[in-house]
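Chains as they are written, first to last, in numbering that gives the first Met the number 0: chain A, 0 to 267; chain B, 0 to 338; chain C, 0 to 399.
Some hints could be false.
Said to hold, decoys possible - Some chain B residues well away from chain A (every beta-carbon gap over 12 Å; in silico):
#1 G74
#2 F84
#3 G127
#4 R322
What the hints assert, rightly or not - Computed list of lysine-lysine pairs in DSBU-like fashion (alpha-carbon distance at most 35 Å, straight line):
#5 K67(B) to K159(A)
#6 K159(A) to K69(A)
#7 K69(A) to K137(B)
Said to hold, decoys possible - Chain C is faced by these chain B residues, among others (derived, beta-carbon under 10 Å):
#8 F245
#9 N247
#10 A265
#11 V279
The set of hints was computed from the structure by calculation and includes no laboratory data.
For glycine and all other residues, C-beta sits at the position ideal for the given N, C-alpha and C.
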Amino acid sequence: MENGTLQAISESVEVSGTWKYPLGTDPLGRDMLSRLVYGARTSLLVGILGTLIAMSVGVPVGLSAGYFGKRVDDTLMRIADIMLAFPSLVLAIALVGLIGRVAIPVPAPWATLGLVSESMPKSFILPGTVVLVVGLVRWVWFARVARGEALSIANEEYIKAAKSVGASNMYILRKHVFPNAITPILVLGTIQVAAMIILSTSLAFLGFSGTTLSWGFDVAQGRDYLASAWWVATLPGLAILLTVVAINLIGDWLRDALDPGIEGETGG
Amino acid sequence: MNEPLLSVTDLRKYYYENNSVLDMLLRRDQQAVKAVDGVSFSIDPGETLALVGESGCGKSTTGETVLKLREPTNGEVMFDGLSVFDASDLTEFRRRAGIVFQDPFASLDPRMTVGEIVREPLDIHDEGDPKDRDRRVKYLLERVGLSTEQIDRYPHEFSGGQQQRVGIARALALQPDFLVLDEPVSALDVSVQAQILELLDDLQNEFSLTYLFIAHDLAVVRYIADRVAVMYLGEIVERAPVEDLFENPAHPYTQALLDSVPRVGAEGSIDDTETLPGDVPSPRNPPSGCRFHPRCPVAHEYCRQTIPPTYDIDTNHQTNCFRAAPDSEYWNSEPLDPS
Amino acid sequence: MTRELLRVRDLAVRFFTEDGQVNAVDGISFTIKAGEVFGLVGESGAGKSVTARALMDLIETPGRITDGAIWYRNPELADQIDTSRAINGDFVDIRQIADPIRRSLRGPSFAMIFQDPMSSFDPTVTVGKQIGEAVEVQRRASADGHRAFAHSREYGLGSMLLDTIVPTREFVSPASMDRAVDLLEQVGIPDPGDRAEQYPHEFSGGMLQRAMIAQALAGEPDLLIADEPTTALDVTIQAQILELLAELQTTEEMSILLITHNLGVISQMSDRVGVMYAGELVEQGTLTDLFEHHVHPYTAGLLQSVPDVEDPSAELNPIDGTMPSLLDTEMGDRCYFADRCPKAMETCLEDPPVVDATSGEPMTEPNTTRHVTKCVLPNQPYDPTAALSADKSNNTEGSE
């Protein structure tokens, strides 16, 4: 499939760092730097959207399991356990096989708003299956964390207090359990973005992605050229590494920043 | 003659262990922890009934179960003609019956401002329009002794006593008739205790409130209660008007409780207090017969074999001890060695 | 005349926090005699626990003892110390001796028990072993004689690893374990041999508190510091523990510093009492002094705000307001209780002197075993015309 970003240059393949191509080119002569930059868009979008999907499935499941407990908890968690029994990559591949590769053309905002020149592509390809799949594979993590939080919150006295003034369970979940459980879920969210990026690049590497403009694809492509044009595989690999580390650091910071910082007494 | 506002009959709350799917497959017997095992009492309008006992006796569980904050195993609770456990819609009941908890901080959602916390009951029940609600919140905060300038502060910015005031304000939001006060001052400092007790007293007089006051501190009970029920291991062992209980305790456990309280004052020393031997028992494995017999200084063999019924000693004064009946078999049996 | 055991003079403990300097304890002086129970009463934030920890040298950053002396009567120790400033006859100022020597006092001289027994024990080690460790440490220390810093008595990483891996090299010797079982028996735990093999969670609150007392007794201390030892216990269990402490005090011939906010416990157990407020000792004396001849309005306020189990018609008179902030920048030079005091006068805007409660003479000599108060009232009876006006709404008033 063709991504309308760069034309293939018919001659000169595998050029390493020149002024025209600062990071070299891939085997088809396309500029690596550009591929890295555009690949970032794919990866980040997949990571964030996938996390959102995982959250929207996992958090309600987990909160309900933790809050209602007993039978509800048992049932929901058994389902989660079953999902966890599958290695995520295997499950992902199976789902891709099931759903098929869906490539969604998404209008590029700059182009739609007329901010860039006419020759730039009007849309980019979002690998829809990959997004869906990584989300479905990893929702269980959110469910686990949400359940843990809900379990401890459900025993708090302010929940009892809310019940005593007549709040319904839905109301309590919405207004008391969710806001108090959100911190570790958000932190997990940032870390999961990183995990999803890795998962999606793995899928792309194996050829299951819906787009060829991604880091995973480049790594796969560069596999055969490691001896001669090592940069084709290494540069995207480095990009993945740096992105994942950066996201984890953000997650760490977020954990500290969201801590309500309620001091204990110094006691007399 | 007033009808009681609240009437509790044979309330039971059991917690079952060994009832997961696995246990049922393995045919293990369900074990019941009988936290509340047949408790009955009533409270007249405007009255304060104190429920007194040590840890594990079931008083807090009783308070919460009466309000159906926990699912009862058995029993009936009548509140002004409404059967609480049978009713399908408890909205009206929730308006008229409230609760104040023991741990002031834990009972407040740490992510809500104090104003939002007090407003919440009004929002849930859709009382008036938002302006009315704001006015009422401000009124309540002032009434419990807080300044309205703090309406946007968070619970952790307040002291324990102030947090408890917020809890009280919330409980009063819907103009209830009845409040369960679950050890409302136990976690507070001495002088703050006094302030809160005084506040509760004032509020009761001003709003004609009825209180179920759960406590373990007998001095506080003597100050605030009209009638007292003493609980031990899930049962009420004595019930009397407050002065009768303190002047003429009929049950050995009540006597032991009173004797254990260290007296304030220059005279007297630790030798004056009679200590009760043994540990506070766990409701998991209650003793046979009279549950107090292992620790009772005057227990007889009969006490181990038979469960004592409720005896009437005086008007409104009842006890579950054989010693109240001069013709009981108790007097014929051998004393137990209390070790 | 009973000998004095401990003389605390002008003790000050400050915490240097991010919000500023907190004056947790602000220059207190008191004396504990040998074999007596000294009660320290006050509300949370008053500084009682901080005082206790200061005596045990358990104050950690950001806190520090910034001032004062803690004179401890121990003739043998006085002989060993070279520094002349640190000695006064048989008394040693433990603030001025070397750190290792001061640390070695924990156990044989000072021991402490805390409010919540469940969090004072390691849940993964049997109770008997934990008490045995205390015994063993003391045994090794005394076996090493004068060496205050004995390598072999240290329970360091090496000992711990050996202990876990090699059964015969257990840190706790059989003799120490036997003594641990004896101690459990002494504190009234039935079947001590079996109980020693159990873990803390298998003990009830009262039993565990007894075990903690047993551990504290391992070194045969001169002074037992009990920080709210019965606050977390049921009233019938509290009576048992207090009875035990009173017994032990006689048989072990030790003094007790009893910290609590419960006036009943103070009444039953103490010989002498000190009342703390906002880091200061506002009144101290015998039980009779405090309950029947109290002078300081805070003491009066406390007594009036506590319901009495024996009095059917008691009126509660709570003290208005709350304890002031202990931040140095917010504390003035005035009497810290002035904002809440029903008898505050203009003179209370200055730091009140420490005086004899009856005669009013200033207490300058170190002997503070009389009825003493930090107030102007003994010298200047309350005069409503000189009352402190409503400009006492200084920053110390709470938001209530």
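Satisfaction of hint between K69(A) and K159(A), Cα-Cα up to 35 Å: holds, 18 Å
For the hint on F245(B), does the least C-beta distance to chain C fall short of 10 Å? This interface hint holds because 7 Å falls under the 10 Å limit.
Is the hint on A265(B) kept, meaning its closest Cβ partner in chain C is under 10 Å away? Interface hint status for A265(B): holds (4 Å vs cutoff 10 Å).
Beyond 12 Å from every chain A Cβ: check whether that's true for G127(B). holds, 16 Å
Interface hint outcome for V279(B) [beta carbon to chain C under 10 Å]: The hint holds - V279(B) has a Cβ within 10 Å of chain C, the shortest such distance being about 5 Å.
Verify this label for me: G74(B) is non-interface relative to chain A, using a Cβ-Cβ cutoff of 12 Å. Non-interface label on G74(B) holds, nearest chain A Cβ at 19 Å vs cutoff 12 Å.
Distance rule for F84(B), whose beta carbon must clear each one in chain A by more than 12 Å: With a cut-off of 12 Å, F84(B) remains clear of chain A, as the shortest Cβ separation is near 15 Å.
Restraint outcome when N247(B) is required to lie within 10 Å of chain C by C-beta distance: With a minimum Cβ separation of about 13 Å from chain C (threshold 10 Å), the hint on N247(B) is violated.
Pair hint K69(A) and K137(B), alpha-carbon separation not exceeding 35 Å: Violated - the C-alpha atoms of K137(B) and K69(A) are around 41 Å apart, more than 35 Å.
Taking C-beta pairs only, is R322(B) more than 12 Å away from all of chain A? Holds, because the least Cβ-Cβ distance between R322(B) and chain A comes to about 39 Å, which exceeds 12 Å.
Hint consistency between K67(B) and K159(A) [alpha-carbon to alpha-carbon, up to 35 Å]: Holds. K67(B) to K159(A) sits at ~11 Å (cutoff 35 Å).
Of the numbered hints stated above, those contradicted by the structure are hints 7, 9, listed in ascending order.
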